[in-house]
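Single-letter residue listing:
Number of protein chains: 2
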Amino acid sequence: MKKTTTRLADGRELIYYDSRDDAVRDAVDRRPLDRVATASEIRHDRLLDDSVAIASHRQGRTYHPPADECPLCPSREGRHSEIPAADYDVAVFENRFPSLAGDGGRCEVVCFTSDHDASFAALTEDQAALVLDAWTDRTAELSQLPGVAQVFCFENRGAEIGVTLGHPHGQIYAYPFVTPRTERMLRSLAAHREATGGRNLFDDVVADEQADGRRIVLEGEHWLAFVPYAAHWPYEVHLYPRRRVPDLLALDDDARTEFPQIYLEVLRRFDRIFGTCEAPTPYIAAWHQAPVRVADREDFALHLELFTIRRTSGKLKFLAGSESGMNVFINDVPPEAAAERLREVASE
Amino acid sequence: MKKTTTRLADGRELIYYDSRDDAVRDAVDRRPLDRVATASEIRHDRLLDDSVAIASHRQGRTYHPPADECPLCPSREGRHSEIPAADYDVAVFENRFPSLAGDGGRCEVVCFTSDHDASFAALTEDQAALVLDAWTDRTAELSQLPGVAQVFCFENRGAEIGVTLGHPHGQIYAYPFVTPRTERMLRSLAAHREATGGRNLFDDVVADEQADGRRIVLEGEHWLAFVPYAAHWPYEVHLYPRRRVPDLLALDDDARTEFPQIYLEVLRRFDRIFGTCEAPTPYIAAWHQAPVRVADREDFALHLELFTIRRTSGKLKFLAGSESGMNVFINDVPPEAAAERLREVASE
Chain P
7 MKKTTTRLAD
17 GRELIYYDSR
27 DDAVRDAVDR
37 RPLDRVATAS
47 EIRHDRLLDD
57 SVAIASHRQG
67 RTYHPPADEC
77 PLCPSREGRH
87 SEIPAADYDV
97 AVFENRFPSL
107 AGDGGRCEVV
117 CFTSDHDASF
127 AALTEDQAAL
137 VLDAWTDRTA
147 ELSQLPGVAQ
157 VFCFENRGAE
167 IGVTLGHPHG
177 QIYAYPFVTP
187 RTERMLRSLA
197 AHREATGGRN
207 LFDDVVADEQ
217 ADGRRIVLEG
227 EHWLAFVPYA
237 AHWPYEVHLY
247 PRRRVPDLLA
257 LDDDARTEFP
267 QIYLEVLRRF
277 DRIFGTCEAP
287 TPYIAAWHQA
297 PVRVADREDF
307 ALHLELFTIR
317 RTSGKLKFLA
327 GSESGMNVFI
337 NDVPPEAAAE
347 RLREVASE
Chain B
7 MKKTTTRLAD
17 GRELIYYDSR
27 DDAVRDAVDR
37 RPLDRVATAS
47 EIRHDRLLDD
57 SVAIASHRQG
67 RTYHPPADEC
77 PLCPSREGRH
87 SEIPAADYDV
97 AVFENRFPSL
107 AGDGGRCEVV
117 CFTSDHDASF
127 AALTEDQAAL
137 VLDAWTDRTA
147 ELSQLPGVAQ
157 VFCFENRGAE
167 IGVTLGHPHG
177 QIYAYPFVTP
187 RTERMLRSLA
197 AHREATGGRN
207 LFDDVVADEQ
217 ADGRRIVLEG
227 EHWLAFVPYA
237 AHWPYEVHLY
247 PRRRVPDLLA
257 LDDDARTEFP
267 QIYLEVLRRF
277 DRIFGTCEAP
287 TPYIAAWHQA
297 PVRVADREDF
307 ALHLELFTIR
317 RTSGKLKFLA
327 GSESGMNVFI
337 NDVPPEAAAE
347 RLREVASE
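Heads up: the protein sequence lines correspond to chains P and B, in order.
Reading the first sequence from the start, the letters are residues 7 to 354 in the working numbering.
Reading the second sequence from the start, the letters are residues 7 to 354 in the working numbering.
Just so you know, these hints were derived from the structure itself, not from any lab.
Keep in mind that this is a model prediction, so the values were computed, not measured.
No residue lacks a Cβ here, since even glycine has one placed at the ideal position from N, Cα and C.
Among these hints, one or two may not hold up.
Lysine to aspartate or glutamate pairs mimicking EDC-like chemistry, simulated, CA-CA at most 20 Å apart [unchecked claim]: (1) Lys321(B) to Asp259(P); (2) Lys321(P) to Asp28(B); (3) Lys8(B) to Asp40(B); (4) Lys8(P) to Asp259(P).
Covered stretches of chain B (in silico footprint by chain P; criterion: 3 or more residues with CB under 8 Å from a CB of chain P, positions within the stretch not fixed) [claimed, not checked]: (5) 174–186; (6) 326–337.
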C-alpha cells in the first residue's frame with residue numbers, strides 16, 4: 007500500500023491510498039476554491055448531558071447532484087471534482103461541509119473506489135482490504151490530533167438514510183469528546199468488571215452468543231458475525247474479531263486478511279434479502295473503537311455494527327415517538343428470525 | 007367531560023371522552039374479532055444498558071389502509087371500525103398490535119377527533135382541551151397498573167415519520183421500566199442539585215432561556231415555548247408550564263386552560279413554515295412526565311417536546327451514522343435562527 011498526502015485548492019488535506027507501490031499522485035487541484043467558513047459549534051444539553059454539533063454552513067452543501075457532476079469521481083478534462091487525479095484506488099479528504107470543524111473535531115470523506123456505480127458490496131476483497139488500511143491509517147493519524155477524543159469510521163448508504171451522494175463512500179468523524187453511546191458501553195464494562203471480579207463484558211457477550219448459537223450469522227476463523235440478543239433494528243449484525251483488540255490499529259494480520267471476506271459476504275446477504283433492483287439496501291455500518299485517551303481503553307472491543315432501516319423488502323423502520331422521544335426501540339423482527347434469514351441466503 | 011369505559015369484541019378496553027355530559031355510548035362492537043396473540047418481549051442490551059421491545063406480531067399490522075377502511079373513523083352500517091359509535095369526540099382504546107403488552111406494558115391509541123381529514127392543528131381549543139383531559143386521565147389510570155413505571159403520551163404525525171394511519175391520532179405507551187432518556191434527565195437533575203446546593207435544573211434551564219430570550223418562540227401567562235439552546239433537531243420547540251409540576255395530573259386549571267391556545271399556535275406555525283399542501287408537516291410531539299415511582303419525582307418538570315424532521319421545506323433531517331451509531335446529533339439550523347423563523351410566522 008502506498009500513501010500520498012496532498013492538499014486541495016482551499017487547503018484541505020487529500021490522501022490517496024494505492025494498492026500499487028509505484029502509484030504517482032501529482033495531479034493538482036486547479037479549481038478556484040475559497041475556504042468554506044466552517045462555523046461548527048458544540049453545544050452541551052444540560053438535561054440530557056450530551057453534546058450537539060450545530061453546523062449551520064452545511065445547509066448549502068451538495069445535494070443529490072447528477073452523476074456527471076459527482077464530486078467524488080476522478081477529475082477529467084473540464085470537470086474538476088474533489089479528487090484531481092484521473093483515477094484512484096481509495097481517496098480520503100477533509101469534508102468541505104464538515105459537521106465538526108476547528109476545535110470541534112474533524113470530518114473526512116472516504117471514497118471506496120473511483121467507480122461511481124459500484125457499492126461496498128461490489129468491491130473485490132483486495133479493494134475492501136485497501137479501505138480497511140485507509141480506515142486504520144486515518145484512525146492512527148486523527149488520534150494524534152490534540153483535540154480528538156474518539157475516531158468514528160462509518161458508512162451511510164442509500165437515499166432513504168439521507169445520503170446525498172450516490173458514489174460509494176464513507177465518512178470519518180473525529181469527535182472532540184467521547185460520544186454518549188461509547189460512554190454507555192464504558193460504564194457497562196466497568197460495572198460488569200466490578201460485579202464479576204474482573205470479567206470483560208465484551209468477551210462475555212461474544213462468548214454467550216457463540217454458545218447460544220441461534221443468532222450467529224457467519225463464523226470465520228478470526229471473526230464472528232451475529233445478530234445481537236437485544237437487537238435494536240430488524241436486521242442488525244455485529245462483527246467482532248475473535249481476539250479482542252481496542253481499535254483498528256491493533257488488529258493482527260490474520261484478522262485483517264479475513265475481514266474483507268466476512269464483511270463482503272454479510273453485505274451481499276443484505277442485498278439478497280432486500281433486493282438491489284429498485285433501490286440499494288439502505289444501511290449504516292459503524293466501527294466502534296476505544297476512545298483515544300480513556301483509562302480503560304484496552305478493555306474495549308473493536309467491532310463493526312451494521313444495520314439496515316428496512317423491516318421487510320419495501321417497508322422501512324422509522325424512529326418515531328418511542329425511539330426519538332424516549333430512546334426505547336421497538337423491534338418487530340425477533341433477532342433469531344433475522345439471523346435465520348441471514349443464514350438462509352448464504353453464498354453457495 | 008364525561009368518560010365512558012367499554013370493551014371491544016376481543017376484550018380490549020375502549021374509553022370515550024365526551025364534552026357533553028349527557029353523551030350516551032352504548033354501541034356494541036359486533037366484529038368477530040379474535041384476540042391477537044401479543045408476544046411482546048422486553049430484552050436488555052448488556053452493553054448499552056437499555057431495553058428493547060421485541061414485538062414480532064406487529065409485522066401484520068394495518069398499513070396505510072384506504073380512507074374508507076380507516077380503523078379510527080366511527081363505525082357505520084356495513085363498515086365496522088375500532089370505534090363502534092357512529093360519532094365521537096375523543097376515543098382511546100388498547101392497541102390491537104401493541105409494541106408493549108402483558109407484563110411488558112401497555113399501548114393505547116388516542117383518536118383526537120372523529121374527522122378523518124383533520125389534524126391536531128385543526129382542532130378547536132375546546133377539542134384540544136378534551137384531548138388534554140384524556141391524556142391526563144389515561145396517565146392517572148395507567149399509573150395505577152402494577153407493572154407500569156412510566157406513562158408516555160405522544161403523537162407521531164406524517165407518513166415520513168412512519169405513521170401508517172392518516173386519521174388524527176396519538177399514542178400512549180405505559181412502559182414497565184424508566185426509559186433511558188428520562189433516566190438521563192433524572193441523573194442530570196441529581197447532579198445539578200448536588201453541585202448547586204439544591205437548585206432544580208429544570209427551573210434553571212427555563213429561567214436561563216427566559217433571561218436570554220433569543221430562543222423564545224411564544225410566551226403565555228402560564229406556558230413558555232422555546233427552542234432549546236442545544237436543540238437536537240432543526241425545528242424543535244419545548245413547552246413548559248411556568249409553574250413546575252411533575253405530570254399532567256398536577257397541572258392547575260390556569261395552565262390547563264391556556265395550553266390549547268399555546269400549543270395550537272405553535273403547531274400552526276410549523277405548518278406555516280413547512281406548508282401543508284403537498285404533505286402535512288411531519289412531527290413528533292412527546293410529553294415528558296415524571297416516572298410513576300421514582301424517589302425524586304416531584305423534582306421533575308412536565309413538558310412537551312415537539313420537533314419536525316424537516317430541515318427546510320422539502321428536505322428531511324435523517325438520523326445517519328453520527329446520530330444512530332454514536333448518539334451525537336448534528337443540527338444544521340442554529341436554534342436562534344429556528345426561533346426567529348418561528349416568531350416571524352406568528353398569527354396576527
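Against the structure, the hints come out as follows:
Restraint check for Lys321(B) and Asp259(P): the C-alpha separation of about 44 Å exceeds 20 Å, so the hint is violated. Restraint check for Lys321(P) and Asp28(B): the C-alpha separation of about 44 Å exceeds 20 Å, so the hint is violated. Distance restraint check for Lys8(B) and Asp40(B): the Cα-Cα separation of roughly 29 Å exceeds the 20 Å cut-off, and the hinted pair is therefore not satisfied. Distance hint between Lys8(P) and Asp259(P) is fulfilled; the C-alpha atoms sit about 18 Å from each other, no more than 20 Å.
Residues of the region 174–186 of chain B with a Cβ under 8 Å from some Cβ of chain P number 5, which satisfies the need for three, so the listed coverage holds. Note: the region 326–337 of chain B has 11 residues with beta-carbon separation from chain P under 8 Å; the three-residue rule is met and the coverage holds.
Consistency with the previously given hints fails for numbers 1, 2 and 3, ordered from lowest to highest.
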